[in-house]
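Peer 1: Assembling the complex is the task here: the two chains are given apart, and the hints tell you how they should meet.
Residue numbers (this note's numbering), protein chains in the order written: chain R, -11 to 98; chain D, 79 to 191.
Think of the hints as simulated: they come from the structure by calculation, not from any bench.
Given the structure is predicted, the values throughout are model-derived calculations rather than measurements.
Treat the hints with caution; some may be incorrect.
Stated by the list, open to error - Computed, partial: chain R to chain D, Cβ under 7 Å: (1) His28; (2) Gly31; (3) Pro32; (4) Tyr34; (5) Phe86; (6) Phe88.
Stated by the list, open to error - Incomplete in silico selection of chain R near chain D, CB under 8 Å: (7) Tyr20; (8) Gln30; (9) Thr90.
Each residue gets a CB set at the ideal place from its N, CA and C atoms; glycine is no exception.
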Amino acid sequence: DAKTTQPPSMDCAEGRAANLPCNHSTISGNEYVYWYRQIHSQGPQYIIHGLKNNETNEMASLIITEDRKSSTLILPHATLRDTAVYYCIVRPNTGNQFYFGTGTSLTVIP
Amino acid sequence: DAGVIQSPRHEVTEMGQEVTLRCKPISGHDYLFWYRQTMMRGLELLIYFNNNVPIDDSGMPEDRFSAKMPNASFSTLKIQPSEPRDSAVYFCASSLEWRNEQFFGPGTRLTVL
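Looking at chain D on its own, in the form it has when it is part of the complex (with noise of 0.2 Å):
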């Protein structure tokens, strides 16, 4: 298995502009992550599904983020509009139960100019 997948690896763009971020879970795993990191707050859960079911998405900051897992091997995480603190690294991240090790992507770096 190739791991988890995420797309782009870097993104730049500028306040005001919609941005979409790509996962692609481990094949066969229950559970989806999205994380976002800084180094002002560290690494924070974002929302988390299980089968394809968001579970908890308490830690999205605001409305202007959503997430959607439309089947089992793909998740996006959309900020409509962009702010530049919004710049970061988001990580997806993939376990097969909830109590499972979880394997992270690489992470994709957003700049928010």
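So that you can see chain R by itself, here it is in the shape it has in the complex (with noise of 0.2 Å):
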């Protein structure tokens, strides 16, 4: 039970801006929003996580709606590189599962 949702795929102009979509609605108060991505065949990697605020690092933006049904990571100028499966995680801050789902796949258009 990965808790989120995700549209299955999207595509973006290279240079533009990507909105990753994810529902979470039955998030619970401790919980956190994380992401990561996969690009092929590689380990997956961590993008950036929140818990009620919204947050910026080097590699994208993340915006949670104030009730915390859902969130957008927001890649400001997607390159060809990010091309890849981008997956939003609901976690616990302490003990059990971490469910990954089936992600969104971005393919960035040059």
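Peer 2: Next comes the structure, spelled out in structure tokens:
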């Protein structure tokens, strides 16, 4: 049970912002939202995580709605190297499972 | 740091044989995770350790699977006997604390004929 819903695939033009949505309507108060990506055949790579405030790092921005039922990962200037499967994961602060779900396959188009 | 190291990168074996996958986590990381990835089931958590102690092995599919962590710098995942349905990519990951980001190794692609 992944607890998240993501579109199976998306396209984005190179140089444009890629906005990847994620629904997590059953998220609990102590659960964080994590984003990872997996470039073909490689191990997943951490991108960003947050609890309720918006977060930004050198890779991306994470926007979490006020009710925390959904979030959006933003890659501000997508490049061809950002083509990957992006996983949105809901994870408690302590213990137990860490479900990756099926993710969104993002294709950046030249 | 070289990151998480896994060996072998590829393993081809015959049904019934014993398979041992190895992982060296990032030095200083207290958590180690074993995952399996297949087309049908995606990425599944099999087991994780905290300070070398197995905490949750509820994802281990059968008794044929076992994992150990004899010290902070080494872990093994063993399948005995192996079956064709065990064919998958097995990833090892480590993290400093539970809530921190996990760093994944390059994976071991296992093919059981």
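Peer 1: Now tell me, hint by hint, if it's right for this structure.
Peer 2: Results for each hint:
The interface hint given for histidine 28 of chain R is violated, since its Cβ lies 12 Å from the closest Cβ of chain D, which is over the 7 Å cut-off. With 7 Å as the threshold, the beta carbon of glycine 31 of chain R comes within range of chain D, its nearest partner Cβ sitting at about 3 Å, so the hint holds. Hint on proline 32 of chain R holds. Least Cβ distance to chain D is approximately 5 Å, under the 7 Å limit. A hinted interface residue such as tyrosine 34 of chain R counts as satisfied when its beta carbon comes closer than 7 Å to some beta carbon of chain D; here the least separation is about 4 Å, so the hint holds.
Here the hint on phenylalanine 86 of chain R is kept, as its CB sits about 5 Å from the closest CB of chain D, short of 7 Å. Look at phenylalanine 88 of chain R: its Cβ gets to within about 4 Å of chain D, closer than 7 Å, so that hint holds up. Contact between tyrosine 20 of chain R and chain D, as hinted, is supported at the beta carbon level, the nearest pair being about 7 Å apart and thus within 8 Å. Interface hint status for glutamine 30 of chain R: upheld, as the beta-carbon distance to the closest one in chain D is roughly 7 Å, under 8 Å.
With a least beta-carbon distance of about 6 Å to chain D, the hint placing threonine 90 of chain R at the interface is held under the 8 Å criterion.
Hint check: a violation occurs at hint 1 only; the rest are consistent with the structure.
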